[in-house]
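Peer 1: Respectively, the protein sequence lines represent chains A and B. Note that this note's numbering gives residue 118 to position 118 of the first sequence, counting from 1, and the numbers run on in steps of one. Note that this note's numbering gives residue 137 to position 137 of the second sequence, counting from 1, and the numbers run on in steps of one.
It is worth saying that the hints were derived from the structure and are not from the lab. These figures come from a predicted structure and were not determined experimentally. Each hint should be verified, as a subset may be incorrect.
Some chain A residues near chain B, calculated using beta-carbon distances under 10 Å [claimed, not checked]:
| # | residue |
| --- | --- |
| 1 | Phe-25 |
| 2 | Asn-226 |
| 3 | Lys-228 |
| 4 | Val-238 |
Here's a subset of chain B near chain A, in silico, CB distances under 10 Å, partners left out [unchecked claim]:
| # | residue |
| --- | --- |
| 5 | Ile-23 |
| 6 | Ser-40 |
| 7 | Phe-54 |
| 8 | Trp-119 |
By construction, the Cβ of each residue, glycine as well, lies at the ideal position given by its N, Cα and C atoms.
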Amino acid sequence: MMIDIAIISKIRKAAIWAGLSLAAFFGIIAVISLVISGGAFEKPMQYRSVIPDITLNPGERKVLEFESFCLDSGRGSPRRGDDYSLMNTPAIKLRPYLRDIFNEYLSHPSRWKQGDVQQAVWYTQGNKKWQDLQPEQRDFIMTATGKEDPISGHPVILLSRMASIFGTVVKTNLLLAFLVLVLMVIALPFPSAYMERGISWMVSPRLAQKITRGRPGEMMDDFALNPKLQSLRSHIDVLFTRLVYRIFSRRR
Amino acid sequence: MGFLGTYGYILSIFGIIFLGLAILLSLFVIIPASYWLFSSLSSNRGPAVFRRLFAMLVIILVSSSYLNSPTFYGMAQWRKTTLICSFIVGIVIPVLRIDLVQLDRLSDRILASLAGLWWLILVISEALLVSGVEGQSVLLYFFIAVTGILCGAILGTTAARIAKQKLVQSEPEAGSS
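Based on the provided sequences and hints, a complete structural model is requested.
Peer 2: This is the structure we're talking about:
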């Protein structure tokens, strides 16, 4: 099989450029974040001075009691007898104000009710409105975060809500479009013609022609006319036809 | 806000822009994708078996990806039974009605209509999902049934067409002997 060296070098060049662009994009955002945050990696938490670290020596056993909170209001409740494990959760880093809420409660556990803290944790998910919270729950959130209705308009919450609403639809539609494009390219003799008819309603006929009759269209047609691919298509047709002939000749 | 909070904040703004573009793109591509699917499925020209088997794979992959999304967790629990039963119905009917196959037709209207129905239910279900309507078990069962019938019909109509060709070829031979 012949491999076009020019295409490989183009792919390599594109991969290098994509890598550099991504590194520059994330790097610039990191620099901006560093400047805005004044060099502090994470906001210092008060509870560390109140709650001692737990250390376990090899072979040592300790019995400790923990208060737990549900992080996701949409999930089912755990059943009696379910096992729990103690672990870090990415939600603490990813969800805005969750650390502040736990910090306030752990620093002053006797000041706040567990139920109010739970409502505040669910509020950081973005599914609960500020107006629907009890006054003491709002007080708790304001004390913990220093803001009234802190998640309102927060881009992290907005993004997660957008993803939960549109994620499935976007994934399904793009998967369908991609797979049907692959289907056209490998199963039809001149895919560019079908492609042009499919997109001509969206863009002007001239642009549709430019897209489909340009280099990408030529590449698709060349790939579709590949002798090995044509032979694969014919072989599968012949195999299926033989199978049907065999089944129907037995029936007769 | 610390570095991590600020970093997440700025990245999320870009995330919203990219997701917004992806939403727009996904809304636009669904129409040409459906046209490409209908034309590839219904055409009787050329090596149709390979094309239809691949189209069936596409339909199964897209349907299972959609139905297995976390949004539908716990909904329509008799999926496999519905799919298998409807698949059998889809495969058996065209084979039993082999007498209705017209070999001179360049496109298969039944397959195009079934693919259209499948696409329509998918779009309606997506619209309900986006508008926040909870519980669409009935529609999901309908979607699974249409998926099964469509996949079965792809195999059934293709096999029926080939069998009809065989019958037409063998009739003159039988007549001459």
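Peer 1: If a hint holds in the structure, say so; if it doesn't, say that too.
Peer 2: Hint check results:
1. Phe-25: Where the cut-off is 10 Å and the nearest Cβ of chain B is about 8 Å from Phe-25 of chain A, the hint holds.
2. Asn-226: Status violated, d = 14 Å.
3. Lys-228: Violated: closest Cβ of chain B sits about 13 Å from Lys-228 of chain A, beyond 10 Å.
4. Val-238: holds (9 Å)
5. Ile-23: holds (5 Å)
6. Ser-40: holds (6 Å)
7. Phe-54: holds (5 Å)
8. Trp-119: Result: holds, 9 Å to nearest chain A Cβ.
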